[in-house]
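Student: The listed protein sequences correspond, in order, to chains Y and W. Read in order, the letters of the first sequence correspond to residues 2 to 162 in the working numbering. Read in order, the letters of the second sequence correspond to residues 5 to 170 in the working numbering.
Heads up, a few of these hints could be off.
Keeping only pairs whose Cα atoms sit at most 30 Å apart, straight-line, the calculated DSS-like set for lysine-lysine is [claimed, not checked]:
hint, chain 1, residue 1, chain 2, residue 2
1, Y, 4, W, 21
2, Y, 5, W, 21
3, Y, 60, Y, 38
4, Y, 5, W, 115
5, Y, 4, W, 22
Hints were generated in silico from the structure; no laboratory data involved. Since the structure is predicted, the reported quantities are computational estimates derived from the model, not experimental observations.
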Amino acid sequence: MNKKLAILLILCIAATVYFLLPNDEKQIRNNLDSLAKYCSTAREEAALVGIKKVALAAKLCQDPCDIEIESRSIARSFTKKDLTDHLLMMKRTMPDTHFSFHDTVIEFPAENSASLTSTLSLTGQIEDEHYTDAYEFDINLKKIDGDWLFSSFSVIEFMEQ
Amino acid sequence: MDISRRIRRFFFPSLNKKYFLRLLFLGLSCYLIFSYLLIPLRIQGMSMDPTYRNGSFAFCWRPRYLFSQIKRFDIVTVRFSGRSVMLLKRVIALPGDIVEFREGLLYLNGKLIDEPYVQHRSLWNLSPRTVAAGHVYVVGDNRGTSMSRHHFGQVTIQRIIGGVLP
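Generate coordinates for the entire structure from the input sequences, incorporating the hints supplied.
Tutor: Put into structure tokens, the structure is as follows:
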């Protein structure tokens with residue numbers, strides 16, 4: 002009985018250590034969740050709060066950051082200022098919108114670089130009409146001074162009209 | 005054993021090893037069934053209106069195309085990077101078919117197709133295009149929105165996760 006208890010205790014400690022210790026994958030997932038939180042716009046969000054959130058979102062990205070959205074004919078590098086300007090504009094055109102990432106798969110192709118695929122889900126209200134949308138993203142990250150920063154985003158267009 | 009005792013035992017079983025094993029088996033079975041075979045879907049959006057309305061529930065039946073081929077007008081689930089967020093669409097054309105929209109009406113291989121499931125229709129115009137091998141052409145039933153706001157087009161068959169129940 003004591004042996005069984007000891008094994009159970011060791012397993013519990015191992016699980017706790019695993020969940021509490023920081024690692025690259027956890028940091029990347031946290032950054033992705035933070036990005037979604039900062040890009041989301043609450044109903045009647047104060048302008049200052051929006052500016053602060055946008056600045057925090059840009060802080061998570063490398064300067065410059067490549068963005069490619071084929072359906073919108075966007076494929077270029079965005080400086081931090083470009084990013085904050087575009088995010089602020091997006092917040093104005095899409096008030097009351099919630100961003101969330103799902104089904105994220107992370108790979109580490111080389112040291113200090115990571116690539117992930119994830120599904121961005123958008124839900125919100127525009128002119129009292131509920132809307133939802135989703136996009137699959139291919140995202141690259143680089144580890145700079147111990148922090149994982151987003152270096153590129155590209156939308157995977159798997160549906161061709 | 006009298007009936008009241010049976011009922012009591014059914015609702016308040018003794019918490020022994022057998023009970024916990026049964027509970028574990030039930031939990032595991034539910035996890036496997038509802039994660040891999042019969043995935044619950046909460047419909048968000050109007051893309052398949054009126055067949056599937058916003059806020060309604062359905063299931064994705066994954067083994068649907070295990071032993072059969074995808075047929076025209078089947079409703080299927082299309083995955084993004086995983087199975088948490090999926091698109092619900094109707095297959096309107098198979099590989100080799102020529103798809104065209106004229107004034108909101110669907111033409112398949114040059115023939116006008118009657119679509120009784122479409123109730124909201126905008127004047128979509130799409131020039132004829134051939135569905136590539138290994139792909140199917142999917143569209144939502146709600147054609148009331150503009151073409152630019154509707155996710156539709158040809159998609160590789162590997163992206164089709166399964167059929168939809170009911």
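Student: None of the hints should be skipped; say for each whether it holds.
Tutor: Now for the hints, and whether the structure bears them out:
1. Y/4 <-> W/21: 20 Å, holds
2. Y/5 <-> W/21: Distance of about 16 Å is within 30 Å: holds.
3. Y/60 <-> Y/38: Roughly 13 Å separates the two Cα atoms, so the pair holds.
4. Y/5 <-> W/115: 72 Å, violated
5. Y/4 <-> W/22: 23 Å, holds
This entry does not satisfy hint 4, going by the numbered hints stated previously; all others are met.
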